[in-house]
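Generate coordinates for the entire structure from the input sequences, incorporating the hints supplied.
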Amino acid sequence: MNVIDPDNPIPKYLQISAWIRELIQSGRYERGASLPSEVELSKICQVNRNTLRQAIAELTAAGMLRKEKGRGTFVCAETPLAVTHKLKSISSFSADLQELGIRERTRIIKKSLEGAGDQVAKKLILSPNGKVAVIRRIRSGNEVPFIYEESYLPGSTFRDILEMDLTGSMYQIINDRFNVTLARSDQTIRAVNLKGRIASYLNLPVNSAAFFMESLTYDENNVPVELLYSYYRGDKYVFEVELGRYHIEEDNVHQD
Amino acid sequence: MKPLKDWFVPWLFTAREYNTAILDKAWAKPDYGRLMLNENPIPPSDKVIQAVADVLKKGNRYPDSMLRLRTKLGKLHNVGPDNIALCNGSSEIIDCMMRIFLEPGDEFIVSNPTFGLFPPRAELVGGKVVSIPLRKEDLQYDVDAMLKAITPKTKVILVINPNNPTGIFIEDKDLIRFCETGIPLCIDEAYLDYHPEISSKDFLLKKYPQVFLSHTFSKAYGFAGIRFGYVVGTEEMVKAFNTMFLPWNVSLMSMAAAEAILDNPEEVAEKVKHNNRWMDIFTKELVQVGLKPFPAHGNYMLVDATMTGKTTAQILAAALETEHIFLKSIPVIHGKDGYFRVTPGLDEENERFVRFVRNYFGKK
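Just so you know, the sequences run in chain order A and B. Every letter in the first sequence is one number past the one before it in my numbering, and letter 171, counting from 1, is 171. Every letter in the second sequence is one number past the one before it in my numbering, and letter 316, counting from 1, is 316.
Just to be clear, a hint being listed does not mean it is correct.
Calculated cross-link-like contacts (lysine to any residue; reagent style SDA-like; alpha-carbon spacing at most 20 Å) [said to hold, decoys possible]:
| hint | chain 1 | residue 1 | chain 2 | residue 2 |
| --- | --- | --- | --- | --- |
| 1 | A | LYS122 | B | PRO247 |
| 2 | B | LYS75 | A | ARG177 |
| 3 | A | LYS123 | B | SER65 |
| 4 | A | LYS122 | B | GLY105 |
| 5 | B | LYS206 | A | GLY117 |
| 6 | B | LYS75 | B | ASP263 |
| 7 | A | LYS123 | B | ASP82 |
| 8 | B | LYS310 | B | PRO331 |
| 9 | B | LYS72 | A | GLY117 |
| 10 | B | LYS72 | A | SER156 |
| 11 | B | LYS47 | A | ASP165 |
| 12 | A | LYS131 | B | ASN264 |
| 13 | A | LYS131 | B | PRO265 |
| 14 | A | LYS69 | A | PRO36 |
| 15 | B | LYS292 | B | PRO331 |
| 16 | A | LYS122 | B | LYS72 |
| 17 | B | LYS206 | B | HIS334 |
| 18 | A | LYS123 | B | GLY80 |
| 19 | A | LYS110 | A | ASP165 |
| 20 | B | LYS47 | A | GLY130 |
| 21 | B | LYS239 | A | SER156 |
| 22 | B | LYS153 | B | ILE170 |
| 23 | B | LYS75 | A | PRO36 |
| 24 | B | LYS292 | B | HIS334 |
| 25 | B | LYS72 | A | LEU182 |
| 26 | A | LYS123 | B | ASP64 |
| 27 | A | LYS88 | A | TYR237 |
| 28 | A | LYS131 | B | GLU266 |
| 29 | A | LYS123 | B | LEU76 |
| 30 | A | LYS195 | A | MET213 |
| 31 | A | LYS123 | B | ARG68 |
| 32 | A | LYS86 | A | TYR171 |
| 33 | A | LYS123 | B | ASN19 |
| 34 | B | LYS72 | A | VAL120 |
| 35 | A | LYS123 | B | LYS153 |
| 36 | A | LYS86 | A | ALA191 |
| 37 | B | LYS206 | A | THR181 |
| 38 | B | LYS75 | A | ASN221 |
| 39 | B | LYS148 | B | ILE183 |
| 40 | A | LYS122 | B | LYS47 |
Treat the hints as calculated values from the structure; they're not laboratory data.
Now the structure itself:
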């Protein structure tokens, strides 16, 4: 078996780390198991040890592997499973997990009506002294925390949501109880290292890798109805995007 | 050479005039009470002034489409930003609706009396104004007569709610009869903000896409000189207005002022409270001397003084002379002279009006 495809433009070390990641995620190496030695692995992959170390370093940084001096490299992901979130249509964590047949658990850290503050007010197009319903939750699957999220909803419309059962999909509640259709969402994703409070919510050491997603969701009238800040564990979440065909840019005539 | 006047379109000479000469008189006499123009007597707050001053520093730039402001306005009507077109006071809506719907010879149905700016704007595009008198008994819209006046040439109908100058609300069932005709209908809600307990007719837009709402900040918001208004309609309707409006029709300063006051609804609430308190006092005082004020729901009150034998011109002249207050002249209604209209001003001006009513109409 060839781990590396020489025709693939992706750097060799990334091809190797993807392969190891797959081995872990498919359950071939469970948590606490040790990987073959670097010598062995570089033979299997037919690369020099520097390239191999680069691949291992990648997974160590992602919190998937742990190196112990003199003992070897160990798997430290808590579950072999990663949740895939498709960036295609608005979908909830509940739906992501259901697809995998995992039991969802949501713990509410805090919910309250708060002053929006400049940044949130601006994003949700509220007045600077406007109020927002803020809901902070940890979303877990099979008792493993996957996401920490903070949801901000315009208080004038969604004040009553604070009294409702928020341990499931809020999108369902927004749709069913408030009659608001979620029409589209603008999302940005970036890499972050988790700080103390949030790292502990996710049961991870401080500075573990994570995805930070900001989603601004609009109703059918193009009015923003939810600002959501989500921290996804870097070792447990896979984002999947399907892209269309490559678009050849024509010479643009710039017009003022 | 052809004389200049022969180059002008003919309706420039035949259209009736909206006379604003009273403004020059009023500005020239700053100590006179301006109780004739349905203005708000309370000046803009410091918050509004600060917002305008801040944006003035960017006054070298063209404004954008103000998505934020349109979104905030849309929220007032449960619609989105694309259902709102911004304009330089609702006078711009009055002008553009004629240019959107009327070709020369087409008809515009309106009640009589009405806000005086509507007829000339229709006539200035060659349109024909079909005026239907208010019902004699209660000065309500004569819905039957207005519907009867519809011809294949009728292209737009106007309902002001509450009506100007009567201040009377139209009932939903009557309004829906207009909607059911399918003919474009302007519902002018200029004075609705004085009654936050009464809902806007925005709920009609989903079922009747030919209906649009006209809103102004000149009244309860007190922006008559700042100039700001907006249209609420379907996206198709709003697009038509935006096509007809000039680009950059609203200045950055007006829009900043509008956003600042929307962010501070207490400012409007206070202005409304002041107005409604004095409307109640005026009503009591007028009834006491035997006049008939109409149950008014804006910042103005139509007063029937025809039973006193005084003409409108005499009443206006006396108020101006004795108490230095301007009142609004109302043309003869159903053959009777002696109607006038009054708008609450500042406390001291209102006290002068009350004194005028007592002295001029009260028992000697």
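For each hint given before, does the structure comply? Return the numbers of the non-compliant ones in rising order. 1, 4, 5, 11, 17, 21, 22, 23, 33, 35
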